[in-house]
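Participant: Residues per chain, in single letters:
There are 2 protein chains.
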Amino acid sequence: MRVLILGVDGYIGWALAQRLATRGLDLYGVDNFFTRRRVKEVGSDSVLPVPSIGRRLQLFRGFYGRGIKFFRGNVADPEFLYSVFKEAKPDVVYHLAEQRSAPYSMIGLKQANETMVTNLVSTINLVYAAKDVNPNVHIIKLGTMGEYGTPNIDITEGFFDIEFRGRKDTLPFPRSAGSWYHWTKVHDSNNLMFANRLWKLKITDVMQGVVYGTEIKEIEKSRLFTRFDIDEVWGTALNRFAAQAVVGLPITPYGKGEQKRGFLSLEDSISCLTIALEKPPKDGEYRVLNQFDQYYSVNYLADTVREVFRELTGKDARIKHVENPRVEAEDHYYNPDHKKLYELGYKPSGELKKDIKKIIEDLLEYEEKCKELKSVIMPRTYWRKSSGL
Amino acid sequence: MRVLILGVDGYIGWALAQRLATRGLDLYGVDNFFTRRRVKEVGSDSVLPVPSIGRRLQLFRGFYGRGIKFFRGNVADPEFLYSVFKEAKPDVVYHLAEQRSAPYSMIGLKQANETMVTNLVSTINLVYAAKDVNPNVHIIKLGTMGEYGTPNIDITEGFFDIEFRGRKDTLPFPRSAGSWYHWTKVHDSNNLMFANRLWKLKITDVMQGVVYGTEIKEIEKSRLFTRFDIDEVWGTALNRFAAQAVVGLPITPYGKGEQKRGFLSLEDSISCLTIALEKPPKDGEYRVLNQFDQYYSVNYLADTVREVFRELTGKDARIKHVENPRVEAEDHYYNPDHKKLYELGYKPSGELKKDIKKIIEDLLEYEEKCKELKSVIMPRTYWRKSSGL
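Protein chains in written order, with this note's numbering: chain A, 210 to 598; chain B, 210 to 598.
Isolated chain A (complex conformation):
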């Protein structure tokens, strides 16, 4: 089976490639190093060492005994993507090649437009390349649980059966995203749903929770680290909390901290993405999977990081609630469904405290690097202050 990973140089993509290598699949990868460049622009860097792509690919082939055929380019460039499709002839394509940071999209108008254009055009290009080059390809597209927002009703997986004024229908679950980035994922989901109606493309649209963790099983052995970001733009909640503890900064829940979100470990993210490949939708199906392990409040995560950090190091980390840079409810109902992946065989791999312990241990190993980045960890991108021209 031929598998193409768009965004293979990224946090998810690099770990996924290692898992799929152990499955004996033929791997093709694409990246334009957008994340590497943009992370540097905000004065940050990956805490775990990320060699050049050439070196990465060489080490990968050395460890796994099979390589990744790599194409450097931008998925938002249709000519490039078509040429990759024609050469790779993928049976499965993972689309992980979008601008992935909510704060980045909120820096200002330039970043808002860049995120809109990069993300939407890449997905439009992908569905056209699929229908023209291989209409049977299974598209696995990374979306986010953030598409749904925090409605006062249960969240379903993509669609819901609704009764309204005495009539019934099955309709897309209403989305209420919280940043330009999150909205691009909603727009993508809508565009994918429509592409499926047009051409019966086989699509899995993954509504992923917030991912935490430094490693997966394969990385424990290969030591071919995936990137790990801890700054306020590119680092996500739990990963950043662990880094705050390690460098001696306060752990910073935003606002009241009673925001609840679905979370999952990197190990589980990769397992679920592999299940999506191994258990594909029916031909012509557009399938939405809510991909997370459990949901937690931000306060609970902050407390747990503090507790694990104390157990591990004997040191105390402070928790400091800071002004919420985002525009979001800070205390709300939250009950999203996540049955489908369990039905397909997903078994959560770890437990939160053990996973956090592992993150902190890895960060302590790279403590110097964490400290170098101390100045970019605390929030400074305020949604409402997003700059104009």
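It is possible that part of the hints are untrue.
Taking CB as the label site, the calculated pair distances span [said to hold, decoys possible]:
1) B:R589 - A:G252: 50 to 58 Å
2) A:K249 - B:P557: 56 to 64 Å
3) A:R281 - B:F272: 38 to 46 Å
4) A:K529 - B:D492: 29 to 37 Å
In silico EDC-like cross-links for lysine to aspartate or glutamate, where the CA-CA straight-line distance does not exceed 16 Å [claimed, not checked]:
5) A:K377 - B:E372
6) A:K319 - B:D286
7) A:K377 - B:D363
8) B:K319 - A:E372
9) B:K377 - A:E372
10) A:K319 - B:E537
11) A:K409 - B:E288
12) B:K319 - A:E552
13) B:K377 - A:D363
14) A:K319 - B:D341
15) B:K529 - B:E516
16) B:K409 - A:E288
17) A:K594 - B:D341
Don't read these hints as lab results, they were simulated from the structure. Bear in mind that the values here come from a model prediction, so they are computed numbers and not experimental data. Using N, Cα and C, we set each Cβ at its ideal position, and we do this for glycine too.
Given the coordinates of chain A, work out where chain B should sit on it, guided by the hints.
Facilitator: Chain B in isolation, oriented as in the chain A frame:
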């Protein structure tokens, strides 16, 4: 009051400017002549004569005794839009400056991406310019009833009160658009809703039905025609049916022809857009108005055009159902709310048959031009055949 019309050279924009001129408002206009150029690209042209913008503006000033301060440029260019905002300092801005053709967006990948980028970026630029230059400006944005699709339940105006699994919330009404173009309007609505949450911008998001007609009251006097398109890409259903009758082509409902859509005359469109200005939303409100007069099936409209054409000319027009180039339900439930504009004072101005008679009369006056365009009237843009690279 200072009013800025983005897309002032278009079908709606040019008529709206004439109505607002009679209201004694200070008018500012923007256009980049995208529609003029793209209409020519498909081998078509406006049936009613449209002079150069310079001549148009001169005649406008001559007739109304007040001019439109005009800026040539692209709303998708943020620097241009900011400079216009700084000079015009609008109290109200109409955003009619998007790519407006569903078939155009479905020609192929290039047009799909062009429509996505042009439309989304123009609206993002607009909300940033508003919040930076005049956060009190009232944004009146043209969307489409097509955002909702044809669900099996009643359609509300933007939001609906929902009960699901025993809990309640008010959520955005789920959208199910039927072309890339229509989806850009959904994405815009979502982005506008979010901009309102960010910066409390005052926004009216107009879900407009299909507009028909050649004139409004002011144009009857001024003879400053707005453009009128009859080709398969840029002409809409009823307008095109009238042209088909006039040039001796069959009237072509797509498929079964039982598709129902909300329609309104150009006169009513302009009245409603003026009401939106005169009865603004509250400060900080994001308001959605469903803007149409009545809903009809395509078959009913075809029959009515045929009937009026016979009464007027004594000649018979054939009706021929053709293969549906679109991807849409051809027989479905349809019951959209449209109460809010009536509550604000909207009174439909005409009756369908009289309006159709007027269109046919105008087209007969320009019969030669209609006949020149005969070869581009019949459908040839097939949704499922949208071309790739």
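Participant: Evaluate each hint against the coordinates.
Facilitator: Hints versus structure:
1. Separation of B:R589 from A:G252 is about 54 Å and conforms to the stated range, judged on CB atoms against 50 to 58 Å.
2. Distance hint for A:K249 and B:P557: a CB-CB separation of about 59 Å, consistent with the stated range 56 to 64 Å.
3. Checking the proposed 38 to 46 Å range against A:R281 and B:F272 shows it is violated: the Cβ atoms sit about 59 Å from each other.
4. At roughly 35 Å, the beta-carbon separation of A:K529 and B:D492 lies within the given 29 to 37 Å, and the hint holds.
5. Only pairs whose Cα atoms come within 16 Å are accepted, and A:K377 paired with B:E372 is accepted, the gap being roughly 12 Å.
6. A distance of roughly 11 Å separates the Cα atoms of A:K319 and B:D286; the hinted pair therefore holds under the 16 Å criterion.
7. Between A:K377 and B:D363, the direct Cα distance comes to roughly 10 Å. Compliance with the 16 Å bound is thereby established for this hinted pair.
8. With a CA separation close to 39 Å, the supplied pair B:K319 and A:E372 exceeds the 16 Å bound.
9. Between the alpha carbons of B:K377 and A:E372 the distance comes to roughly 12 Å, so the proposed pair stays at or under 16 Å and holds.
10. Among the hinted pairs, A:K319 with B:E537 is inconsistent with the structure: their alpha-carbon atoms are about 36 Å apart, more than 16 Å.
11. Under the criterion of a C-alpha separation no larger than 16 Å, the hint pairing A:K409 with B:E288 is inconsistent with the structure, at around 41 Å.
12. Under the criterion of a C-alpha separation no larger than 16 Å, the hint pairing B:K319 with A:E552 is inconsistent with the structure, at around 40 Å.
13. Straight-line distance between C-alpha atoms of B:K377 and A:D363 comes to about 10 Å, which keeps the hinted pair within the 16 Å bound.
14. Of the pairs offered as hints, the one joining A:K319 and B:D341 holds, with about 14 Å between alpha carbons and a cut-off of 16 Å not exceeded.
15. The straight-line distance between the Cα atoms of B:K529 and B:E516 is roughly 15 Å, inside the 16 Å bound, and the hint therefore holds.
16. The hinted pair formed by B:K409 and A:E288 fails the criterion: a straight-line CA distance of about 41 Å is larger than 16 Å.
17. Under the criterion of a C-alpha separation no larger than 16 Å, the hint pairing A:K594 with B:D341 is consistent with the structure, at around 10 Å.
In the structure shown, a violation is registered for the earlier hints numbered 3, 8, 10, 11, 12, 16, in ascending order.
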